[in-house]
Amino acid sequence: MLYREAGQFKSSYTADMAVFPILQDRIGLGIVLFIAVVIIPYFGSSFLIQAIMIPFLIFSLASIGLNLLTGYTGLLSLGTGAFMGVGAYACYKLTTYFPGVNIIVWILASGFFSAAVGVVFGLPSLRIKGFYLAVATLAAQFFLSWCFIRQPWFYNYNTSGAIEVPTRALFGIPVTGATSSFTTRYFVVLGIVIVMTWLASNLVHGRIGRMWMAVRDMDLAAELIGIRLLQTKLLAFAISSFYSGVAGALLVFMWYGSAEPSVFDVNLSFFILFMVIIGGLGSLTGSFFGAALIFILPIVLRYIPPKLGIPIQSATVDHIQYMVIGALIVIFLIAEPAGLARLWQIGKQKLRVWPFPY
Amino acid sequence: MRAPDGPDVMAGEVLLSVANVSLSFGGVKAISGVSFDIRKGEIRAIIGPNGAGKTSMLNVINGFYQPQEGVITFKGKARAKMRPHDAADGGIARTFQNVALFRGMTALDNIMAGRTLKMHKNLFWQLLRHGPAMVEEVEHRHRVEEIIDFLKIQEIRRTPVARLPYGLQKRVELGRALAMEPDLLLLDEPMAGMNIEEKEDMSRFILDVNEHYGTTIALIEHDMGVVMDLSDRVVVLDHGIKIADGTPAEVMKNQAVIDAYLGVAH
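Residue numbers (the working numbering), protein chains in the order written: chain A, 1 to 358; chain B, 1 to 266.
Please keep in mind that the hints were generated in silico from the structure rather than gathered at the bench. There's no promise every hint is true.
[Said to hold, decoys possible] Taking lysine to any residue pairs in the SDA-like style, the calculated list, with each CA pair at most 25 Å apart, reads:
| id | chain 1 | residue 1 | chain 2 | residue 2 |
| --- | --- | --- | --- | --- |
| 1 | A | K129 | B | G167 |
| 2 | B | K121 | A | K350 |
| 3 | B | K118 | A | G161 |
| 4 | B | K75 | A | G161 |
| 5 | A | K350 | B | P165 |
| 6 | A | K93 | A | G161 |
| 7 | A | K350 | A | G7 |
| 8 | B | K118 | A | K348 |
| 9 | B | K81 | A | G44 |
| 10 | A | K10 | B | R141 |
| 11 | B | K118 | A | A15 |
| 12 | B | K118 | A | V19 |
| 13 | B | K118 | A | W146 |
| 14 | B | K121 | A | K93 |
| 15 | B | K121 | A | G161 |
| 16 | B | K29 | A | L220 |
| 17 | A | K93 | A | W146 |
| 18 | B | K152 | A | K348 |
| 19 | B | K152 | A | A6 |
| 20 | B | K152 | A | M17 |
| 21 | A | K10 | B | F150 |
| 22 | B | K199 | B | A100 |
| 23 | A | K348 | B | L164 |
| 24 | B | K121 | A | L234 |
| 25 | B | K121 | A | P21 |
| 26 | B | K118 | A | K93 |
| 27 | A | K348 | B | A162 |
| 28 | B | K152 | A | G161 |
| 29 | A | K348 | B | M82 |
| 30 | B | K81 | A | L230 |
| 31 | A | K350 | B | D229 |
| 32 | A | K10 | B | Q154 |
| 33 | B | K118 | A | L230 |
| 34 | B | K253 | B | D201 |
| 35 | B | K199 | B | D229 |
| 36 | A | K129 | B | A100 |
| 37 | A | K350 | B | R163 |
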């Protein structure tokens, strides 16, 4: 009843082509942003912000990156973890050589390194697609992992082999490192995620988004309407890797504080791919849902038994958590193979016609 | 849309000529030494029994296949090799025998995608989706809405094309090709699998496109009634060889054509 677009007439194509043409959606978005920007930083506990919100936002950003490639352009990639690693290591090297420059500049700049690497490993995509392309990107994953482990230059010849995030301040406020407050880091991550999500949404709703989807749905016909396949696919690889790179840099600089090369192994790639598939291929909202389900749900599950007063050992909880998450993934995929984003769409449609069934 | 008689080729003159084209896949000869031309502003039909090489011919014209022999001249420019997107650049649009729409996108987005080549705002503006990019988007939306009105598909604008019935999918595909404002429109069996009313609608659209926009059309069709009514000139292929070329009336009387369609006693 509340969610209904009846009476909302569009008198211009600009209004008709808005990303959120329905008033209630815009209000909803406003509420979500208000909660994220005001309520959580002021009322959220350090646990909520530090252990849930910051990583959730970072994983959402990585999912958006992979979704641009896999969901919108139809190119399956298993190299996300490595591309995130490129971002993290690039940021680390940049801030080592130029410590005076604003760290946020370097976090964003590291995306360009990741984009360049992504384009190189995206070159085979002209010839191969589907599972074969996934295997080709897996090569990127293993090669880059090898670089991070075996090439000491990447980690500044530390004896530990890990990268340590130095303290970097912005306008006198420490943003990274041990002394930075979690609220500051939350705001930095949130700002970057909001801006980059907005940009991604602009992109997929315009000419470039249509080109990507055309390539995904029918590459022959896409070529026929004048789309150059190689350039379009490489652009998707570049932008997707840019997002992954920034997410990787944020992961280390804003969340972990230090990272070993094993952080960016193939598990991370699969982790992000699951988020994209469960959230919904070809949906930016879905990327957030996917990240929430895969990342936040296990944490919530871990705290349910103690809250209910059930005495279970924490190791058992870990095992149960894996089983529950695994079962949920299977159930979700059977119930709705198109992902949580489609469930969300169906829910909105039901609300729209409520109280009638259709 | 483009006014009739573009500056480059005048109406009635040869827009595209195919000279002595041969195409083979390994040992299979799909087309052998076929020559014909398409004049500006006409509706040209390519007919022939199954496996005659009609679709291969279209694929050669728009660059999917590279012929081993022969020259194709389009708008006075002979070409040796061409990729499909170059053909699109040059003004050749195409629909497919089995609908080749972008199934995950709405009808509107499909037709908007047809205007990709006409849109030039760069990545920077695309990222912002304000200012010039939005102006461009709205401008092209106007053109697309004209096509939607023309094809009478207003009510399915927002429907993902995968959910549309076959006849409407064919219409959306025609709309996507029209959005390219082509000089030459290749239609591969635009009426395959349609009932009589749908065929009549589609025929009307094809004639309207030809008259209203002055688009030159080359079409493959199996329904002889439709071919005879629509086309100005017909070329007949059989086993990759041209067996007849002329007005529908001439072609119908041609003994080789009758033999090809009905078979000859051996």
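Here is how each hint holds up against the structure:
1. A:K129 with B:G167: violated (31 Å)
2. B:K121 with A:K350: This hinted pair is violated, its Cα atoms lying about 38 Å apart.
3. B:K118 with A:G161: Status violated; Cα separation ~52 Å.
4. B:K75 with A:G161: violated (64 Å)
5. A:K350 with B:P165: Distance ~24 Å between K350 of chain A and P165 of chain B Cα, so the pair holds.
6. A:K93 with A:G161: holds (14 Å)
7. A:K350 with A:G7: holds (18 Å)
8. B:K118 with A:K348: violated (35 Å)
9. B:K81 with A:G44: It is violated: about 64 Å lies between the C-alpha atoms, which goes past 25 Å.
10. A:K10 with B:R141: Answer holds: K10 of chain A to R141 of chain B is near 14 Å, not above 25 Å.
11. B:K118 with A:A15: holds (22 Å)
12. B:K118 with A:V19: holds (22 Å)
13. B:K118 with A:W146: violated (45 Å)
14. B:K121 with A:K93: Violated: K121 of chain B and K93 of chain A sit about 35 Å apart, past 25 Å.
15. B:K121 with A:G161: violated (45 Å)
16. B:K29 with A:L220: Holds, because 23 Å separates the two Cα atoms, which is no more than 25 Å.
17. A:K93 with A:W146: Satisfied, since the Cα-Cα distance of roughly 17 Å is no more than 25 Å.
18. B:K152 with A:K348: Violated, because 29 Å separates the two Cα atoms, which is more than 25 Å.
19. B:K152 with A:A6: Within the cut-off at roughly 24 Å; holds.
20. B:K152 with A:M17: holds (21 Å)
21. A:K10 with B:F150: Holds, at roughly 21 Å.
22. B:K199 with B:A100: holds (19 Å)
23. A:K348 with B:L164: With Cα atoms ~22 Å apart, K348 of chain A and L164 of chain B stay inside 25 Å; holds.
24. B:K121 with A:L234: holds (18 Å)
25. B:K121 with A:P21: holds (23 Å)
26. B:K118 with A:K93: The given pair, whose Cα atoms are some 42 Å apart, is violated under the 25 Å limit.
27. A:K348 with B:A162: holds (21 Å)
28. B:K152 with A:G161: Violated. K152 of chain B to G161 of chain A sits at ~66 Å, over the 25 Å cutoff.
29. A:K348 with B:M82: violated (47 Å)
30. B:K81 with A:L230: Distance of about 18 Å is within 25 Å: holds.
31. A:K350 with B:D229: This hinted pair is violated, its Cα atoms lying about 49 Å apart.
32. A:K10 with B:Q154: holds (15 Å)
33. B:K118 with A:L230: holds (19 Å)
34. B:K253 with B:D201: violated (28 Å)
35. B:K199 with B:D229: holds (12 Å)
36. A:K129 with B:A100: Holds, at about 19 Å.
37. A:K350 with B:R163: Answer holds: K350 of chain A to R163 of chain B is near 19 Å, not above 25 Å.
When the structure is compared with the earlier hints, violations turn up for hints 1, 2, 3, 4, 8, 9, 13, 14, 15, 18, 26, 28, 29, 31, 34 and for no others.
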